[in-house]
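S.K.: Here's the letter readout for the chains.
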Amino acid sequence: MSKVTFNLRDKGAQFWDKSPRWRRVLLSVIFIAICYALPFLNNPILNTPGSDFQSVLFYPVGMYVMMAIGLNIVVGKSGLLDLGYVAFFAIGAYTMAVLGTKTSLNFWEILPIGVGLAMLSGVLLGTPTLRLRGDYLAIVTMGFGEIVRIVAVNTSAIGGSRGIAGIPTPPPAFKAKFTILDPKPYYWLLLTFTLLIIWMVRRLAARRPGRAWDAIRQDDDVAQLMGINTRRSKVWAFVLGAAVAGVGGVIYASQILSIVPDQFNLNVSILILACVVFGGIGNLWGVIVGAVILAFTPERIRFLSQPRILVFGMALVIMMNLRPDGMLPKKKREHLEADWDHVEESGEGEIK
Amino acid sequence: MRLEIKDLHVHYGKIEAIKGVSVVVNEGEIVTLIGANGAGKTTMLKTISGLRPVTSGQILFDGKDISKMPAHERVNLGLSQAPEGRGIFPGMTVLENLEMGKYHRKDRKSEMKEDLEKVYHLFPRLLERINQAGGTLSGGEQQMLAIGRALMARPKVLLLDEPSMGLAPLMIANIFRIITEINNLGTTILLVEQNAQQALQRAHRAYVLETGNVVKEAKASDLLNDPAVRAAYLGVGAH
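Here the protein sequences line up with chains A and B, keeping their order. The opening position of the first sequence corresponds to residue 0 in numbering that gives the first Met the number 0, with each subsequent residue numbered one higher. The opening position of the second sequence corresponds to residue 0 in numbering that gives the first Met the number 0, with each subsequent residue numbered one higher.
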């Protein structure tokens with residue numbers, strides 16, 4: 000029997016389920032506090048020689064985590080392979096850049112517009128394409144990602160290939176000043192939004208939308224027979240994923256101060272997808288762990304300079320061989336073989 | 000009259016799979032469609048439940064044409080299907096699978112307990128497996144779960160696609176006994192089967208489907224004794 004395989008996720012879930020409420024609250028508070036305190040933990044183990052640790056926390060680590068959570072709604076929860084996820088990130092970033100430089104709107108006013116535009120483009124892309132399945136959907140979404148980038152390169156009104164510079168920073172909030180020199184407030188801003196998104200995703204996943212996505216991922220036709228409007232559910236998954244990337248894009252643009260279209264290339268989509276797969280497709284905490292590792296490792300080993308991407312790639316290949324379902328896989332039920340020790344042969348058992 | 004199919008044509012690309020089939024299912028009946036592989040039986044059911052688009056013809060449910068209605072809305076009318084190959088959600092537990100059957104019901108909270116008990120009464124085995132993942136059930140248990148899940152939607156007409164497929168003979172007999180019981184409780188049933196022997200014994204009326212056409216329509220008991228049907232579907236020496 001192969002059921003002895005150690006599963007960190009199940010152990011964690013077990014511990015969590017058995018914990019009384021006070022312990023859960025306490026652990027959550029400690030965890031969140033550590034997250035907020037991370038910029039001050041400049042210790043030799045987590046340190047990133049060659050780049051500023053506090054900047055690394057914001058980008059790539061924090062940004063990848065947020066995007067991976069968003070993409071996990073699409074890929075992990077509803078099983079739609081999206082290779083053009085960067086497009087929504089780009090739309091968020093460009094909204095911030097264009098409105099920030101051409102109008103007097105500030106960050107907080109632009110944020111909902113950017114998210115709205117990302118969601119709208121999610122609807123526009125999702126409605127016609129989500130009748131496709133599997134590989135076909137992946138190719139169409141990949142095309143969409145490239146279209147957004149190429150349109151940005153060729154539209155001089157939004158700076159063409161030179162992009163947009165001089166994007167304003169957010170106004171001060173809670174005594175924190177957002178400046179190019181200090182990445183900490185941006186990290187806290189990003190962390191706050193990430194926590195909000197985690198809360199939202201967890202609530203959705205436990206309720207009817209989550210059930211519908213589960214059903215669609217496992218069997219699209221049968222989901223329809225259950226009375227689920229599968230088209231609408233899929234578009235919703237797409238739109239929510241787009242909204243998360245939109246938030247990320249707006250925050251990113253306000254920190255980086257200038258954006259160029261080539262930042263939003265296919266590599267980003269693939270890397271975010273890698274975070275999701277590496278961490279454990281469909282499992283929120285796995286995805287977060289995956290994103291942290293994939294974002295942090297290349298920065299941690301930056302002292303290797305040239306060969307670092309090679310080392311990183313090799314580490315990925317080895318890891319995926321050792322743990323093909325990711326670091327923290329989702330509860331393994333879908334592919335389970337029947338446990339014949341406990342299941343009687345069909346027909347032999349008597350039905351009362 | 001509950002379900003009436005009038006001159007139905009269905010295509011897979013350019014290939015015509017259903018070539019003008021008319022079927023009537025009256026309230027309270029068990030009607031069976033029998034036929035060999037590729038006769039179009041499953042296509043018929045998929046078209047009735049809305050998973051395949053209709054080329055031409057009508058599907059009347061309680062007198063209303065539903066042939067253009069999307070699948071998920073047909074469930075609301077009281078049309079529920081246990082699909083071919085059972086279609087269990089493998090990653091959900093037995094209970095979660097049954098709950099999915101009620102997904103679209105407005106009164107799902109108040110109905111849940113009562114209907115779960117009904118299903119457990121018909122299939123006590125499901126109660127024993129309640130927290131087991133659907134994918135780990137045996138074939139017979141999965142079929143029970145598929146039928147039970149369809150019943151959770153409180154269907155007026157239950158569509159069953161080859162409930163005997165891949166099951167041991169004893170389990171087949173059990174499943175068919177329960178199908179009759181469900182019918183006695185007031186659910187109209189349209190049953191698609193390759194196992195003509197069992198289907199004809201249980202059904203009131205039957206249609207014989209051959210390459211997309213109905214070649215025979217009669218009382219089930221008559222077909223059971225029909226020499227042509229016996230030779231083609233019941234096999235020589237069938238009892």
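In short, the hints are calculated from the structure, not lab data. In this text the structure is predicted, and so the values were computed from the model without any measurement. Fair warning: there could be bad hints in the mix.
Some chain B residues well away from chain A (every beta-carbon gap over 10 Å; in silico) [as the list claims (entries may be wrong)]: (1) L50; (2) P52; (3) I65; (4) S79; (5) K218.
Cut-off 27 Å, straight-line C-alpha distance, at most; resulting in silico cross-link-like pairs (DSSO-like, lysine-lysine) [to be verified]: (6) A:K329 x B:K117; (7) A:K330 x B:K13; (8) B:K101 x B:K117; (9) B:K215 x B:K18; (10) A:K101 x A:K329; (11) B:K101 x B:K13.
Cβ-to-Cβ under 10 Å is the rule here; a few derived chain B residues that face chain A [stated by the list, open to error]: (12) A35; (13) N36; (14) G37; (15) S48; (16) K67; (17) E95.
Cβ coordinates follow ideal geometry from the N, Cα and C atoms, glycine included.
S.K.: Compare the structure with each hint and give your call.
M.R.: Going through the hints against the structure:
no. : hint            : result
1   : L50             : violated (5 Å)
2   : P52             : holds (12 Å)
3   : I65             : holds (14 Å)
4   : S79             : violated (7 Å)
5   : K218            : holds (29 Å)
6   : A:K329 x B:K117 : violated (33 Å)
7   : A:K330 x B:K13  : violated (43 Å)
8   : B:K101 x B:K117 : holds (14 Å)
9   : B:K215 x B:K18  : holds (14 Å)
10  : A:K101 x A:K329 : violated (45 Å)
11  : B:K101 x B:K13  : violated (37 Å)
12  : A35             : violated (23 Å)
13  : N36             : violated (20 Å)
14  : G37             : violated (20 Å)
15  : S48             : holds (6 Å)
16  : K67             : violated (15 Å)
17  : E95             : holds (8 Å)
Of the numbered hints given earlier, the model fails hints 1, 4, 6, 7, 10, 11, 12, 13, 14 and 16; all others are met.
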